[in-house]
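Q: Each chain, written out:
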Amino acid sequence: MPDGVAASVLEDRIERHGATPLLGVDGQLLGAVLPAHEEDDTLTGQVLLENLACKATAALALRHLLARPGAVATEKVRYVISCGEEAVGDRYQRGGGNLAKAVAEWAGCTRATGSDVKAFCCGPMHSLMIAGALVQSGLYDDVVVLAGGSLAKLGMKFQGHVKHAMPIVEDVLAGFAAHVGRDDGASPMLRLDAVGRHEVASGSAPLAVVKALYTEPLARVGLTLLDVDRFSLELHNPEATEPAGSGNVPLNNYRTLASLAVIEKLIERDGIEAFVRTRGMPGFSPTQGHIASAIPYLGHALRGLTDGGLTRTMFTGKGSLFLGRMTQLSDGVSLIVERNPRRSNGGRAWSFEARR
Amino acid sequence: MELRGKKVIALGERDGVPGPAVAECARRAGAEVVLTLTACYA
Chain C
12 MPDGVAASVL EDRIERHGAT PLLGVDGQLL GAVLPAHEED DTLTGQVLLE NLACKATAAL
72 ALRHLLARPG AVATEKVRYV ISCGEEAVGD RYQRGGGNLA KAVAEWAGCT RATGSDVKAF
132 CCGPMHSLMI AGALVQSGLY DDVVVLAGGS LAKLGMKFQG HVKHAMPIVE DVLAGFAAHV
192 GRDDGASPML RLDAVGRHEV ASGSAPLAVV KALYTEPLAR VGLTLLDVDR FSLELHNPEA
252 TEPAGSGNVP LNNYRTLASL AVIEKLIERD GIEAFVRTRG MPGFSPTQGH IASAIPYLGH
312 ALRGLTDGGL TRTMFTGKGS LFLGRMTQLS DGVSLIVERN PRRSNGGRAW SFEARR
Chain L
13 MELRGKKVIA LGERDGVPGP AVAECARRAG AEVVLTLTAC YA
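Each protein sequence line maps, in turn, to chains C and L. When you line the first sequence up against this note's numbering, it's residues 12 to 367, in that order. When you line the second sequence up against this note's numbering, it's residues 13 to 54, in that order.
Chain L on its own, in the form it takes in the complex (with noise of 0.2 angstroms):
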């Protein structure tokens, strides 16, 4: 998936991966990461 000028919402879960995580990722592929969201499904 090409990423690079797309807006994104990460979206993590804590005992995967955080949102921060999947945000980094998203922003180094080229996209803007418009927000951040970490779920607890514990």
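For reference, chain C alone in the conformation it holds in the complex (with noise of 0.2 angstroms):
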């Protein structure tokens, strides 16, 4: 660790320079973050911050990811796709630059380039749908999808939970990565045959959203929603979105799709229980945005589709475009994993296969 810098430096760069200032929980003055120009709203300090935040937890989850058992050589990864959702650039492209080429040199990944995908909290399945389509098409046999965690959202709802005297829970930086890969003849299998888009033109009624999420690209395959063994959604945990007044968003989420069950006729009215107990889930993400969009249940899908039980699980993102104010729509992408039909035992945890 290099030498330390006296209270009095730092209070000096916080109050000439406009470093933002860290502060312990005690209030003690710990460290500041410089802004990197003096007139660009971009590289503030804050800016700064947030954007190394989401560049560490990703690369803490890429090293991750790489370092377990059976995964792939750091050297073999090709191409990585961030999908956090901190906007790196300065005051003429904000938003227009690249974390996924920093992660990756971070975790040594020195013969990956990479780009970042960007759809709000649906950030994670439009990349995974990118990343499959560019194994399937022979560019890239190895890419990792990652995300870093959102400073910004830290305690976020917390006015709820301080108003409840329960303490402020959002006080976890989330990150995760994926490998892509070539069909191994174990690993899951990533249906490109069957995502399922929300459309420009699929409208933003309710019935309309979801059967575009599930109907349409289940019954392309000649699927129905009773075919999927779990389906994973915005998994919030409830613990921090209801205190908030927010409800519990995916059991509420859940209901809707069951609800499109009945519709549809594949179950009963009072079979809505048993659907969303059988094969939905309690909420059990940190509220990141884009890292409880649907992702967090990859790893436990993966392992349930190898060595468990599953034969097919469904991945829903949704992301809310009209925060921007460029458009009133949301948007939504789905996934379809399932088990590869050739699975032989020792599957890689945390890797699967995008379907040729």
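FYI, nobody ran anything at the bench for these hints, they're computed from the structure. C-beta: ideal position from N, C-alpha, C; glycine also. A hint or two may mislead.
As the list claims (entries may be wrong) - Some, not all, of what chain L presents toward chain C, calculated at C-beta under 10 angstroms:
#1 Arg26
#2 Asp27
#3 Gly28
#4 Pro30
#5 Ala33
#6 Ala43
#7 Leu49
Fit the two chains together into the complex; they arrive one by one in their own frames, and the hints show the way.
A: As structure tokens, then:
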């Protein structure tokens, strides 16, 4: 560790140079993040700190992925897609930059390049779809999809927690990394022939949205909702959202999905709760937008689809495009991940294959 | 509620009823939708 900096120096940089102070829980000044430019609002200390937090947590996730037994060799990773929510750039291309390659560099993926995919909370699903397409096309054999956490969303709903005299539970910077590779005969398969899309013309009515994301892609390959063992949706932990008045997001969305099954005459109305219980799951993810969006179940699904009793899982992410004020539309992508028909023992966790 | 001739702000929620869907209902009931917003509570 290099020598520290005296508190007086830090205070000077905060007062004279606009550095963002880093304070401990006791209010003690621990450090400061200097802005990278005097006039650039996209390079303030706060923005750089958020981007650095995203980069660090994504790189940590990637290094964990690469350290797992049977993982892809670091030098074989040829393309990295980052779907974190931070906007890297400067005032001439706000958000136009690229965190993926910076993360690959930190993780030692010397032969990789990469790019960022942005779609609000739907980013991970878009990224997995694109990764699968890159592998299926033969352009790259090994692609990594990853994301870092959102510093801005720490304590996002703190007012509800304080109001109910409970701890501020949104205290986790999360990240993930997933390897998409060619069919190894054992790892679960990503069904690129059954990608669900919320298209511009799909409309915003709830029934239209769920049909576009579930009924249409499943029907395309001759399946129904009942052919899916487990659905992964927005998996926000309700302990964080309910005190803030946002309700139990996963439960509400599972009930909407079960209602679709009723409309399609797949189950009776009194079967809604059983559908939710057997094909859904409680929300368990930190409330970090893209992080909570279906992807937290991927590792569990891979285990269930290799060594467990699952045959088919479905992942659905939705993105609030309207938050950026450029459209009234939301977005959505769904993906099916299923057991490899040639499944044998020794499937690799945390990696899966694009169906060719 | 009689909406005909009224001005309406349509405020929806992504995982419930989104703003455009609320606005369309209000329009068909004869209201003038002056603002449509959707919130993301997740």
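Q: Which numbered hints turn out to be false for this structure?
A: Of the numbered hints, just 6 does not hold.
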